[in-house]
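Turn these sequences into a full structure, and let the hints guide you.
There are 4 protein chains.
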Amino acid sequence: MDVAVNDLTQIRDALRRFADERDWDQFHSPKNLAMALSVEAAELLEHFQWVDGEASKQPGEAELEEIRAEMADVLLYLIRIADKLGTDLIEAAHAKIKLNESKYPVDKSRGSSKKYTEL
Amino acid sequence: MDVAVNDLTQIRDALRRFADERDWDQFHSPKNLAMALSVEAAELLEHFQWVDGEASKQPGEAELEEIRAEMADVLLYLIRIADKLGTDLIEAAHAKIKLNESKYPVDKSRGSSKKYTEL
Amino acid sequence: MDVAVNDLTQIRDALRRFADERDWDQFHSPKNLAMALSVEAAELLEHFQWVDGEASKQPGEAELEEIRAEMADVLLYLIRIADKLGTDLIEAAHAKIKLNESKYPVDKSRGSSKKYTEL
Amino acid sequence: MDVAVNDLTQIRDALRRFADERDWDQFHSPKNLAMALSVEAAELLEHFQWVDGEASKQPGEAELEEIRAEMADVLLYLIRIADKLGTDLIEAAHAKIKLNESKYPVDKSRGSSKKYTEL
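Residue numbers (the numbering used here), protein chains in the order written: chain A, 18 to 136; chain B, 18 to 136; chain C, 18 to 136; chain D, 18 to 136.
Calculated directly from the structure, the hints in this document are not laboratory data.
Careful: at least some of the hints might be erroneous.
Chain copies aren't distinguished; within one or between two, either way the pair holds.
Claimed, not checked - Derived lysine-lysine pairs resembling BS3-like cross-links, with alpha carbons at most 27 Å apart: (1) Lys-101 / Lys-131; (2) Lys-101 / Lys-125; (3) Lys-101 / Lys-115; (4) Lys-131 / Lys-115; (5) Lys-74 / Lys-101; (6) Lys-74 / Lys-113; (7) Lys-101 / Lys-113; (8) Lys-101 / Lys-132; (9) Lys-120 / Lys-101; (10) Lys-125 / Lys-113; (11) Lys-125 / Lys-115; (12) Lys-132 / Lys-74; (13) Lys-131 / Lys-74; (14) Lys-132 / Lys-113; (15) Lys-132 / Lys-120.
Rendered as structure tokens:
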């Protein structure tokens with residue numbers, strides 16, 4: 018039994034089928050998908066716009082359900098763009114963490130929210 | 018050998034370590050992280066703002082590298098928010114695909130970019 | 018002496034000249050301009066992502082200069098989209114305030130950050 | 018008769034009254050307002066996400082009404098942030114146009130959508 022299936026690969030394939038069945042590839046240019054992703058990111062943002070940081074940690078159960086659905090939407094569009102551009106998201110994420118480690122050395126960035134360009 | 022490790026779980030753990038070493042949890046409320054995610058989504062969007070849909074499918078190699086890094090940033094913040102809110106992203110994504118299948122029946126949505134509320 | 022000049026009209030005209038001199042109308046579809054506006058809105062957002070609400074009221078002088086420039090960018094793209102779609106922004110703004118007054122009656126919305134659909 | 022009233026000043030004052038009557042100043046930190054502005058910018062963006070540039074120039078009448086309302090929302094939040102930070106938007110916009118003229122000299126930027134850093 019193959020247990021090494023990449024979770025994102027399964028979702029990518031489900032999204033391919035979904036778009037294919039609906040003839041939606043015609044709409045799914047990286048440009049349009051990046052717009053859709055930005056819209057979903059803003060729908061996630063909307064849940065937190067009037068609460069402070071502390072309150073944002075404890076959304077009510079109904080709100081958390083909605084937040085989860087927005088997070089899912091962001092992930093779905095991100096996987097779709099990555100698919101269209103032939104990018105491995107997991108690999109890109111690990112590469113970015115590595116890069117961030119060199120941009121934000123522990124001794125300089127500890128306890129600071131400054132951008133790396135200002136450290 | 019355990020090969021069933023969830024790829025996102027590894028990234029989540031790397032991000033926990035990263036924040037912990039820098040004492041950054043104090044900044045990482047869901048509210049702030051959702052803002053950061055929106056900013057990264059816009060940085061991704063910026064790459065496509067003046068090109069048309071067709072051209073967005075074929076970015077140059079240097080630009081594609083930058084696009085990859087922005088996609089990675091979006092994923093990293095998304096994983097971080099999900100961690101802070103105790104959400105399983107993969108599960109949420111599958112649930113959303115299922116929901117979308119009922120909101121967008123094949124026969125009604127085929128070839129149409131209309132929102133489900135207008136179908 | 019004509020003092021009744023609409024301030025936004027002057028800016029609109031300056032932007033027309035600016036685009037015309039550079040042959041940029043070809044890039045300025047409402048779609049592309051709306052993307053650019055979203056990118057600028059996110060650049061404004063970025064200034065506030067790691068500070069809390071109170072601190073956001075008192076940016077340092079250098080940061081305030083940058084914030085001002087981002088606000089200007091948002092306004093410029095907004096005026097440009099309105100021009101391309103033949104919309105009077107001032108009129109639209111007054112109409113929206115009127116609408117908001119009926120959506121958010123004082124007695125129901127006082128002290129509450131709830132959306133009108135939840136009042 | 019005073020005809021030199023700045024249009025944005027009238028809107029600013031209407032927004033002050035609106036927030037004051039509802040006791041909403043407690044929610045209106047620049048941070049929260051910048052989030053709200055980003056959300057409205059994305060709602061504007063949403064109208065254009067699946068159409069191409071040409072089609073975005075000719076929205077239907079009902080859609081144009083919605084687009085107008087989203088543009089108004091962006092303007093209202095922008096005026097509100099500017100008020101909270103003591104900024105004159107009109108002045109900032111003119112200063113930005115001047116700056117853009119030096120960043121994008123006609124001879125170098127004509128017909129090009131490149132960022133000034135790449136010219």
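To see whether the hints hold, each was checked on the structure:
1. Taking CA atoms no more than 27 Å apart as the test, Lys-101 paired with Lys-131 passes between copies only; the shortest distance there is 21 Å, against 34 Å inside one copy.
2. Proximity of Lys-101 to Lys-125 under the C-alpha cut-off of 27 Å is restricted to the inter-copy arrangement: shortest distance 25 Å between copies versus 38 Å within a copy.
3. For the homomeric pair Lys-101 and Lys-115, the shortest alpha-carbon distances inside one copy (25 Å) and between copies (22 Å) are both at most 27 Å.
4. Taking CA atoms no more than 27 Å apart as the test, Lys-131 paired with Lys-115 passes inside one copy only; the shortest distance there is 18 Å, against 30 Å between copies.
5. For a Cα distance limit of 27 Å, the shortest separation of Lys-74 from Lys-101 across copies, 7 Å, qualifies, whereas the shortest one inside one copy, 34 Å, does not.
6. With identical chains, the CA atoms of Lys-74 and Lys-113 are at most 27 Å apart both within one copy (26 Å) and between copies (23 Å).
7. Taking CA atoms no more than 27 Å apart as the test, Lys-101 paired with Lys-113 passes in both settings, with 20 Å inside one copy and 20 Å between copies.
8. For a Cα distance limit of 27 Å, the shortest separation of Lys-101 from Lys-132 across copies, 22 Å, qualifies, whereas the shortest one inside one copy, 31 Å, does not.
9. For the identical chains of this complex, Lys-120 and Lys-101 are inter-copy neighbours only, at 24 Å across copies versus 29 Å inside a copy, given an alpha-carbon limit of 27 Å.
10. In this homomeric assembly, Lys-125 and Lys-113 come within 27 Å of each other (Cα to Cα) only inside a single copy, at 19 Å, whereas the closest approach across copies is 34 Å.
11. When the C-alpha separation of Lys-125 and Lys-115 is checked against a cutoff of 27 Å, the pair qualifies only within one copy, where the shortest distance is 16 Å, while the shortest distance between copies is 37 Å.
12. Taking CA atoms no more than 27 Å apart as the test, Lys-132 paired with Lys-74 passes in both settings, with 24 Å inside one copy and 20 Å between copies.
13. For a Cα distance limit of 27 Å, the shortest separation of Lys-131 from Lys-74 qualifies both inside one copy, at 23 Å, and across copies, at 18 Å.
14. When the C-alpha separation of Lys-132 and Lys-113 is checked against a cutoff of 27 Å, the pair qualifies both within a copy, at 15 Å, and between copies, at 24 Å.
15. Proximity of Lys-132 to Lys-120 under the C-alpha cut-off of 27 Å is found in both arrangements, the shortest distances being 9 Å within a copy and 24 Å between copies.
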